[in-house]
Every structure is written in C-alpha cells, then in structure tokens.
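Q: Just need the whole structure built from these sequences, with the hints factored in.
If you want the building blocks of each chain, they are given just below.
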Amino acid sequence: MTLTSLPQDDSVQVPAPDIAALGLRESATFDRATIADIQRAAATGVYDIRGWGAKRRVPHFDDLLFLGASMSRYPLEGYREKCDTDVVLGDRHASKPLHLQIPVTIAGMSFGALSANAKEALGRGASEVGTSTTTGDGGMTPEERGQSRHLVYQYLPSRYGMNPDDLRKADAIEIVLGQGAKPGGGGMLLGQKITERVAGMRTLPVGIDQRSASRHPDWTGPDDLEIKIGELREITDWKTPIYVKIGASRPYYDTALAVKAGADVVVVDGMQGGTAATQQVFIENVGIPTLAAIPQAVQALQELGVHRKVQLIVSGCIRTGADVAKAMALGADAVAIGTAALIALGDNDPRYAAEYAALGSAPGFYDDFQDGRDPAGITTQDPELASRLDPIAGGRRLANYLRVLTMEAQTIARACGKSHLHNLEPEDLVALTIEASAMARVPLAGTSWIPGAGQGTL
Amino acid sequence: MVTLMAPDATAPTSDSSTDVRPGSDAGDTTTDLDTASVRDLNQALHDSVGAASWTVTKPGGKHSLAVGITADVDVTIEGHAGYYAAGMLQKGRVTINGNAGVGLAENIMSGTVHVRGDASQSAAATGHGGLVVIDGNAGARCGISMKGVDIVVGGNIGHMSAFMAQAGRLVVCGDAGDALGDSIYEARIYVRGSVASLGADCIEKPMRAEHLEELGALLAAAGRSEDPSDFRRYGSARNLYHFHVDNSTAY
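Chains as they are written, first to last, in my numbering: chain A, 1 to 458; chain B, 1 to 251.
Because the hints were derived from the structure by calculation, they are not lab data. Just so you know, these numbers come straight off a predicted model, no measurement behind them. Careful: at least some of the hints might be erroneous.
[As the list claims (entries may be wrong)] So the derived label-pair ranges between C-beta atoms look like this:
(1) A/143 with B/208: 37 to 47 Å
(2) A/96 with B/110: 19 to 29 Å
(3) B/61 with A/239: 24 to 34 Å
(4) A/43 with B/110: 42 to 52 Å
(5) B/110 with A/239: 15 to 25 Å
(6) B/175 with A/220: 22 to 32 Å
(7) A/221 with B/32: 23 to 33 Å
(8) B/110 with A/351: 46 to 56 Å
(9) A/200 with B/74: 26 to 36 Å
(10) A/88 with B/208: 58 to 68 Å
(11) B/210 with A/319: 51 to 61 Å
(12) A/396 with B/212: 55 to 65 Å
(13) B/210 with A/200: 18 to 28 Å
[Said to hold, decoys possible] Derived BS3-like pairs: lysine-lysine, alpha-carbon spacing no greater than 27 Å straight-line:
(14) A/260 with A/239
(15) A/309 with A/96
(16) A/169 with B/91
(17) A/239 with A/169
(18) B/62 with A/96
(19) A/169 with A/309
(20) B/62 with B/91
(21) A/96 with A/169
(22) A/260 with A/96
(23) A/239 with B/91
(24) A/309 with A/260
(25) B/91 with B/58
(26) B/62 with A/260
(27) B/62 with A/239
(28) A/309 with A/82
We put the beta carbon where it would ideally sit given N, CA and C, even for glycine.
A: Pasting the structure below:
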C-alpha cells in the first residue's frame, strides 16, 4: 500500500444503509467522494496519486451528432461501396513516413507502467490490424519492438533508457512536451513497480518512488525545439517522421509552434487522456477537454496552410467508432487510444470483482494503476499478476476492438456519403449543448447558431 | 486573432557535397562547412566504417555537428560549435578547438568529447556513458539527468548542475553555482572550489580512499594535474527516494 492511499480498516463491517428509505440528503458540494478525499488527506498528509484520466463530466463527443445523408447528399451502400480508412503520417519531411491501415493508433504507455505481457499484447493487436503502438517513459523493450510492426519511440524529458540505437530502430519519434492528464507535469512511477528490470532500464535504484522531470533537459521553448528536431533528423538521416505531442492547454499556439519547429505530426491529448500515476488534483483540474482542443489545433494548421500535410493525431477519451468519426470530422487525421485499449485487454473486468473489492475498489472504478497490484495483470510488474494476461489472447481482443472502432466509424462515414474517413467534415456535425457547440464550433442542433462564431474564438 | 505565416519547410542540402568524402580505412578527411552542409558531414560520418580521422573547418557555430556517430572515428572541429555538438556519441573521439553551445554531447553513450574552450548549458545532459572533458567553464545544468557519463570541467559550472543526476561522476576543478545536485540520485560529484549552494537532498559526503582513487583516475583521463585531496565529494542524502509526509515541503 502506498502512503498516498488510505489504509483500510477491516475491523468493522456494517451493511450499507438504505439511503432513500432513511430520507438522507447527499450534499452536491460535499459528496461522498469529496468527503473521502478530505479524510484521506487528513490521514496521510500526502496528495492522492492515481491512474486513469479526468473523471469529471466535461463537454465531449457525446454532445455531438452526425447529420446523415438526405436529399442533398447521397449515402454510400454499407459493405458494398468503398470507405477507406488508411492514413499516411509524417510525409512532410521524413523520407520514410508511416502508412497505417486504420486511423486508430495506440498511445504511449511505458514498460514499467504496464507489464511486459501488456506491452506485447498491445503490439500484437495493433500489428494485426496494421496500426502503430508507442513506447513510454522508460525506453524500448526488445519484446515491444519485436511485436510491433509500426513502433513510435517517445522522446521524453526524463530520457530514461534513451538510446540512439533504439531511436534509429523506431518507425517514428514522438517528442513529448506533455500529456492531457497532466499538461506541465512529469511522469511518476511508484516504488512498487520499480523492479530490477524497470530500474535497470531507467538507471534508477530499485524500489524508489520515481518522479520524472517535467521539462526537457537540453532545450527550452519553440526556438530550441526547432534545433532539437534538427538534431534528431540528422541522427536518423532525415528518414524517421518526428511527432510533437502536447497536452491540451493552449493547442492553437502549441500546434502552430510545433509546425514552425518542423514537426511532421502534431499529437494533441485532451484532459480526459489517461495516465499511469499522477496527482488527482492535476488530472481533474489542469488542461482542456479534447472537444475544445481539436478545432483550435485544426485552425492553426489551416492558417499555416498545412492541414493534412502536417497530420493531427487526437487522443483523450476515444471509446467508440463514433468518437473516431467525430474527431476526424473536426479535422483530425488519426486518433490514439490508451485507456480504451487497456479495457480491451481486460482492465476493470467484472470477473475480478472480488479482487477489486479486496483492494477497496470495484469493476468500473479501479484506477490505482500506480500501486502495481492490478488483478487483470496489466498495470503491474508482479510476475504472478502479470502472468494472468495472455499476450496472444489480449492481442486478439485489442485487434477485435480496433476493428469494431474502424467499422463503426465507416458506418457513420458511409451514412454521411464519404468514401474515406478523412472526407468527414465539420459540416456533418451538430451539437446538443451550447457548450459543445461553442467548443466544437459546429451549430447547435436545429439552429445555425455557433456561440462565439465570428467574435474571435481564441 | 493572430495571423500565422506559412512555415519554412527546408531539408537542408548543400549545392556542393563534393567537399565530403566518406572516410576510408585510415585516411584523413577535411570537411569545410563554408561549402559543405551539416547534413553532408553527418551523413558521411554515419556512412564511414573503420578507423578514420576527420577535420571540420569553418564550423561557424552551426548546430548538430558530428551527431549520432557510431564508428570509431576521430573528429576535430576547428572552431566554435552550436547546439548538440557530438550529440548521442556512441564511439570515437570528438575534439572541439573552440567553444560549444547548448547540449554538448547530450545523451552520450560512449567515447570521448573534449572541448578546449567553454561549454554552454546542459553539457552532457542525460549522458549514459563515455567521458566529456571541458577545459574551460560550463554553464547552467551541466550534467542534468546524467545516467552514467563522466564529466570533467576545468573551470566553473553554473547553477542547477547535476539536477536529478542518476549515475556517473561530475568533476569540477573550479567553483559550482547554486543548487548543485538538486534531487540527485546515485551520481557522485567532486568539486575543488566553492559550492554556492546545494540543491534539495544533496549533501557533502566524506572522501574515502576509493573516492580519491576514482577521482585521480578521472583527472588523469582528462589530462589534468589537480590533486584529488583538494576536492570535496557530494551526493544524495536519499531522503526523497520515497513519498513521505515529512518531505512535503520538498515536493
């Protein structure tokens, strides 16, 4: 148990009260989770660290709807007429861009945060359907390189395990400035997960609570980034695409600066994007929703004349083919999934209900990825727990899920009359709420009204 | 509303690449960066096999000189280098007869980098191995996040040096700036002069026989004549290795 979680008291077992029968009124301000947070803080004196992304409700893709084809637009025949899904990433400057079969990629997650089996399963699943996986804060493992046909190598502030041989083995390099769960924050990996192998890869003592740097050690700001990208290009002989990943906070300016610094691809991660371990206060209170970030990033690309030339990958709570289609209609070239991929592997599976209960959690609520005691064997370095995830079966589940996401997105695209997912456009969308309408810059359903339109939306 | 301008999209290649010839077995190659491009230089270095020596003239403070070297080559840069000179070096020797910019020998894995002048900030940042010798002074963040590299600085180093230093040795023959070794892990620091201040969790430690021996070997490797017994040793108090309520002010 970490010092950041509340010790459980098993001595008293009282049945749950019937709140309705007793006429109890719960405070909207001090709800039970808030009260538990205060009690935990008072008991431990250290902030709460957890995994997962923001749990608060924010305007999201759920608040958008597609306008199907009608009199003025022809739909395409499902199954019979073509609706392509492939995407080329990184053809602006790199001589060897990636060509993926589907526009759904796997986001960066480290070996360390995840078990070796989980990383292998991600590689197997992604390779089966022709998409890419991404390393994380902790370097590239041979298993991961071996199982991933397209592997993106993250270049992070900590530079744990950063090795020029691995850099040259990568199919793309992703310079990470931040992630949606914690724009402005560095990585964390608590001692329970710093096993000998993880410690060796990161040059750290075994069992320490690792806190990664939040700023890159050898460059600061966009002018330096341009020089840094130049160095990476020189080392890889201008072959390898270079992505720049930002946590969504000021995506208009960050996207523009990334383009000017020479990025081939910009990755924008919204605040709902997941993490393996971060302070809860950070996850819930820093960054902007994915929905609000996309139009800002697309606007920057369009104003620079590089939309579709510098590709945009969007992540942060992509769950369904509808989410994929909506992100792409707003202007993304591809999306990345993290949390959803872990769920496909078996995270939060009800069959581990008893074990989640023993950890003080429940299926659907488990987020203590930092603790390394994941019953599903995914966010752990414990050999016994990790062995529960069969990488071949896990890979198959992920491939199934990726196929469903793609087929769902195609279903919507055909209904809108599009022969490629990239042909989806903002004009295909309307919003259900004023907030979503203002953020996504599509009209409120049944009106032509976009709040803020024409008034300078930045 | 800000109006953006179209970006430059230039993959630099020179008009004439005839000034660079891939190194043969033992030949000496001269690359003049007034006429050849940095791209030509690096590509030729990457293509070279076996021992060879290279001389780079008119470097003009250009960035990313001699980066990503994997072969056993001897590179001499006659003048000043910009950012990331000898970055990610894996083999061979790079000598700079001048000053070096930001991120000298960043993430060096092995081999030797020798700067006869001064180095800017983040020298040898995140280096995993090898030896970096700076005859003059180094700026701020020298040895930041170092992961096994050895660094010997003849002069002074700036503030926040050896920040989060994980492994390796940093030797400073002059003085160290503020917050030396902040959040340091297992790297060892030797300073001959004064230390303006120590960073969080960095403390002075006793010089034992093995440290004098280690320091003597590092000074000798760097071609220096200082007496190891004039140095003091600094390292981690290891108090921040685990989250603890008593350390809350340090987070």
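Q: Hints first: check each against the structure and report whether it holds.
A: So, going through the hints one by one against the coordinates:
1. A/143 with B/208: 37 to 47 Å: 41 Å, holds
2. A/96 with B/110: 19 to 29 Å: The hinted range 19 to 29 Å holds for residue 96 of chain A and residue 110 of chain B, with Cβ atoms some 27 Å apart.
3. B/61 with A/239: 24 to 34 Å: 27 Å, holds
4. A/43 with B/110: 42 to 52 Å: 49 Å, holds
5. B/110 with A/239: 15 to 25 Å: 23 Å, holds
6. B/175 with A/220: 22 to 32 Å: With Cβ atoms ~24 Å apart, the hint holds.
7. A/221 with B/32: 23 to 33 Å: 32 Å, holds
8. B/110 with A/351: 46 to 56 Å: Because 49 Å falls inside the window, the suggested range holds.
9. A/200 with B/74: 26 to 36 Å: Holds: the Cβ-Cβ distance is about 32 Å, inside 26 to 36 Å.
10. A/88 with B/208: 58 to 68 Å: Cβ of residue 88 of chain A to Cβ of residue 208 of chain B: about 59 Å, so the range 58 to 68 Å holds.
11. B/210 with A/319: 51 to 61 Å: 57 Å, holds
12. A/396 with B/212: 55 to 65 Å: Holds, at about 60 Å.
13. B/210 with A/200: 18 to 28 Å: At 23 Å between Cβs, range holds.
14. A/260 with A/239: 19 Å, holds
15. A/309 with A/96: Since the Cα atoms of residue 309 of chain A and residue 96 of chain A sit roughly 15 Å apart, the hinted pair holds (cutoff 27 Å).
16. A/169 with B/91: It holds: about 18 Å lies between the C-alpha atoms, which stays within 27 Å.
17. A/239 with A/169: This hinted pair holds, its Cα atoms lying about 11 Å apart.
18. B/62 with A/96: Within the cut-off at roughly 26 Å; holds.
19. A/169 with A/309: Cα-Cα ~24 Å, so holds.
20. B/62 with B/91: The given pair, whose Cα atoms are some 22 Å apart, holds under the 27 Å limit.
21. A/96 with A/169: 12 Å, holds
22. A/260 with A/96: 21 Å, holds
23. A/239 with B/91: 22 Å, holds
24. A/309 with A/260: 13 Å, holds
25. B/91 with B/58: This hinted pair holds, its Cα atoms lying about 24 Å apart.
26. B/62 with A/260: At roughly 19 Å apart (the allowed maximum being 27 Å), residue 260 of chain A and residue 62 of chain B satisfy the hint.
27. B/62 with A/239: 21 Å, holds
28. A/309 with A/82: 24 Å, holds
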